[in-house]
Structure formats: C-alpha cells, structure tokens
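Peer 1: The residues making up each chain are set out below.
2 protein chains.
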Amino acid sequence: MGTKGENNRTRIIEAADQLFYKRGYNQTSFSDIADITGIPRGNFYYYFKTKDDILAAVVEARVNHYQDALLNCDSASDNPRDRLLAFIDNMSNSEDTVIDSGCPIGSLCTELAKDTDALQSKSREVFELLRDWMSKQFEEIGCADANDKAMDTLSRMQGIALIACAFKDHAYLHRSVGDLKSWINSLTLS
Amino acid sequence: MGTKGENNRTRIIEAADQLFYKRGYNQTSFSDIADITGIPRGNFYYYFKTKDDILAAVVEARVNHYQDALLNCDSASDNPRDRLLAFIDNMSNSEDTVIDSGCPIGSLCTELAKDTDALQSKSREVFELLRDWMSKQFEEIGCADANDKAMDTLSRMQGIALIACAFKDHAYLHRSVGDLKSWINSLTLS
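Note that the protein sequences, when read in sequence, are chains A and B.
Counted the way the numbering used here counts, the first sequence spans residues 1 to 190.
Counted the way the numbering used here counts, the second sequence spans residues 1 to 190.
Possibly wrong hints are sitting among the right ones.
In this list, chains with the same sequence are indistinguishable; a pair is considered to hold if it fits within one copy or across any two.
List of simulated lysine-lysine pairs, BS3-like, C-alpha gap at most 25 angstroms [to be verified]:
1) 122 / 51
2) 122 / 168
3) 49 / 122
4) 136 / 181
5) 168 / 136
6) 51 / 181
7) 168 / 49
8) 4 / 122
9) 136 / 51
10) 22 / 136
11) 51 / 22
12) 49 / 22
13) 22 / 122
14) 49 / 181
15) 49 / 4
16) 4 / 51
17) 136 / 122
18) 181 / 22
Simulated from the structure, these hints should not be mistaken for lab results.
The shape of chain A in the complex, shown without the other chains (with noise of 0.2 angstroms):
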C-alpha cells in the first residue's frame, strides 16, 4: 500500500473511532465513514471488507493511543503512585467528551458484549492494556493485591465516566476524579 492509500486507510480508522464513540459501532455505517472521509465507498472496500476488520483497525488503533499514553504517564515520574494519578488525570482533562459520550473503551465494550464473542474480545484489549499497566504500578507500590486494585480502579473510573454521564453532572465527576485519587494516594505498603 503507497503513502495515498497509508493516508486513506489512517483517515477511515479515525473517522470510524469518532463515529463509534460518538454514535455506536452499530449505529455507524460504511456510508456514514464514506461522508465523513470523502473517500468513495467503492474505493473503501479496498481497505476494508467488512465492519469487523475496520472495528479491529479501530481497537489497534486505540490500543496504540493507549500506550503512547501509559508511556506519558511512565516518563512524568519514577513513582508509581503519581503514574497512575497522571493517567487519572487523562479523565478529567477530557472532561467534556466523558459528560458527552461516557468512555469510549466502556461504551463500547457495553455496546459489544450484546453482539459476538469475537467482537467483544476484541474490544476488550484496551482493558486488558490497562488492567496490566496498572497492575504492574500497584506492584510498584507494594500493593500485595496489585491486580484486584487494578481492577478496582478501572472499575471505579468506568462507574464515574458512566454516572457522569448518564447524569450529565460535572461536579460529580470532579468529587469522584478527587475520591479516587485519595484513595490511590491513602493506600499504604502492604
């Protein structure tokens, strides 16, 4: 595939990972990218064949995201505890979009867990990223349970991202933001 057709199947990624975030996987079709990207639908079979593939682009893609911002959090400190304060952070700075939309790693694996088993592994990956990162943070700590807290924390990040949003309620997602990361910082060597 040449730059052009680098350029185009980048372009289809990130209009689909918007439209799925903003509207749904099931409620974005191909015509929906194809008006987005201004790439014409036939030319876009040649990236893509089905939906699928263009959701596992979509997933890798964000994965990536996720890491390029996991390794932000690993090179702002050498403590493990401000790591994960910093990527906490990554929450409230998309403040809006979280009101607007929820998270779109939750939102869509909730949306995805209706459908195939294939489709909902898939869209557990970044999860899973998450899940080891932080766990391994937690270990860092010296948190003998490092991999229940890593699933409490992104447990208690997915329950404010959708209260918030299903509330439309600013100021509880700031409190929440604030008690979570109270409770990462009153955590104590175990």
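Once you've looked at the hints, dock chain B against the given chain A.
Peer 2: Chain B only, in chain A's frame:
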C-alpha cells in the same frame, strides 16, 4: 383497551425490555418484537406508534419493577444499612445476566447517551429513582453527604457490572460486591 389489548401491550413491553437488554435498543426492530410475541406487526401499531413510545413504556415498566424491589428492601428491615445491603444483593442474584449483558439500566443509558436528549433523559429515570431511594437510606444512617454517597453507590455498582461483563469475570463480581458491602458497613454516623 380491553383485557386482550392490555395483555398484548404487556407482552410487547416485556419482549422489548428483554431485547433492549440482550441486544441493545438500536439493534431491536419492530419485526424482532413481532417475531417473539407472535403479535402481527399490523396489530402492533395499535399499541405503539414509534419505537420511542416502546422505550418510554419499557422504562416505565422498569421503574415499576425497581419500585417493587425497593419496597421489598424497605420491608426487609428497619435498618437503612441492611436495606442498602439487600438492594446490592440483587446484583449477585442476577449474576449470570450481569456477566452476559451488563446492567440493564447502565447499558441502556450508555447506549442512549449517544442518541437524542429526549431518549437519554428517559433512560435516566430508573437511575434517578435508585439515587433518591439510596440517598434516603444514607440520610437515615446519618450521613451528612447522603446524596453523594448515593451517587457513589450507583457508580460503584455500575463499574462492577461493566467490568465483570467486559472480562466475563465471576470471581471479580463476587469480590467487588463483597467490598462494596464492607464499605456500606464501615460507614459511621457523621
């Protein structure tokens, strides 16, 4: 509407409720509901003109269902802490469906956050009922921040359901429900 009419209407609502939960609102068509109920699509429009009308009726049925569940919790104990614990136990009692499809309320709100404001407000009604009831229990326990505690409890339940469903993890669900109940038990009068 005669008895047969009422009966048909109820069957349509019950089928739609299950389909919205198992497949999603947008993935459910009039034909799907007609197939399951055996009520011909032609007759169908006599009861509901649009899918939004069905959504309103499903939310109303869910509000009634949860009102009954909360009355059961109310009559189970004079102690507001025990009532909250009884409500949380409902989640463990629906373990298999939570693992399969998440929380029916949370997943509907997440899906409809990506739709019109009217549909989203409608989907929030069950959450509002639960928040108000929980807030009342926390007030009776003596918490000064009863409304915040109610939002936190909703949020934690939603996080648990979402992560348990995304990872298909029964052990996580059990542990987290236990942790949430311990948190309720640990609250002291303020």
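Peer 1: With reference to the structure, classify each hint as holding or not holding.
Peer 2: Now the hints, each set against the structure:
{"no.": "1", "hint": "122 / 51", "verdict": "within (13 angstroms within a copy, 30 angstroms between copies)"}
{"no.": "2", "hint": "122 / 168", "verdict": "between (29 angstroms within a copy, 13 angstroms between copies)"}
{"no.": "3", "hint": "49 / 122", "verdict": "within (17 angstroms within a copy, 37 angstroms between copies)"}
{"no.": "4", "hint": "136 / 181", "verdict": "within (17 angstroms within a copy, 27 angstroms between copies)"}
{"no.": "5", "hint": "168 / 136", "verdict": "between (33 angstroms within a copy, 22 angstroms between copies)"}
{"no.": "6", "hint": "51 / 181", "verdict": "neither (38 angstroms within a copy, 42 angstroms between copies)"}
{"no.": "7", "hint": "168 / 49", "verdict": "neither (37 angstroms within a copy, 29 angstroms between copies)"}
{"no.": "8", "hint": "4 / 122", "verdict": "neither (28 angstroms within a copy, 45 angstroms between copies)"}
{"no.": "9", "hint": "136 / 51", "verdict": "neither (34 angstroms within a copy, 47 angstroms between copies)"}
{"no.": "10", "hint": "22 / 136", "verdict": "neither (31 angstroms within a copy, 35 angstroms between copies)"}
{"no.": "11", "hint": "51 / 22", "verdict": "both (17 angstroms within a copy, 21 angstroms between copies)"}
{"no.": "12", "hint": "49 / 22", "verdict": "within (23 angstroms within a copy, 27 angstroms between copies)"}
{"no.": "13", "hint": "22 / 122", "verdict": "both (19 angstroms within a copy, 19 angstroms between copies)"}
{"no.": "14", "hint": "49 / 181", "verdict": "neither (44 angstroms within a copy, 48 angstroms between copies)"}
{"no.": "15", "hint": "49 / 4", "verdict": "within (18 angstroms within a copy, 48 angstroms between copies)"}
{"no.": "16", "hint": "4 / 51", "verdict": "within (21 angstroms within a copy, 43 angstroms between copies)"}
{"no.": "17", "hint": "136 / 122", "verdict": "within (22 angstroms within a copy, 41 angstroms between copies)"}
{"no.": "18", "hint": "181 / 22", "verdict": "neither (28 angstroms within a copy, 35 angstroms between copies)"}
Violated hints, listed in ascending order, are 6, 7, 8, 9, 10, 14, 18; each of the other numbered hints is respected by the structure.
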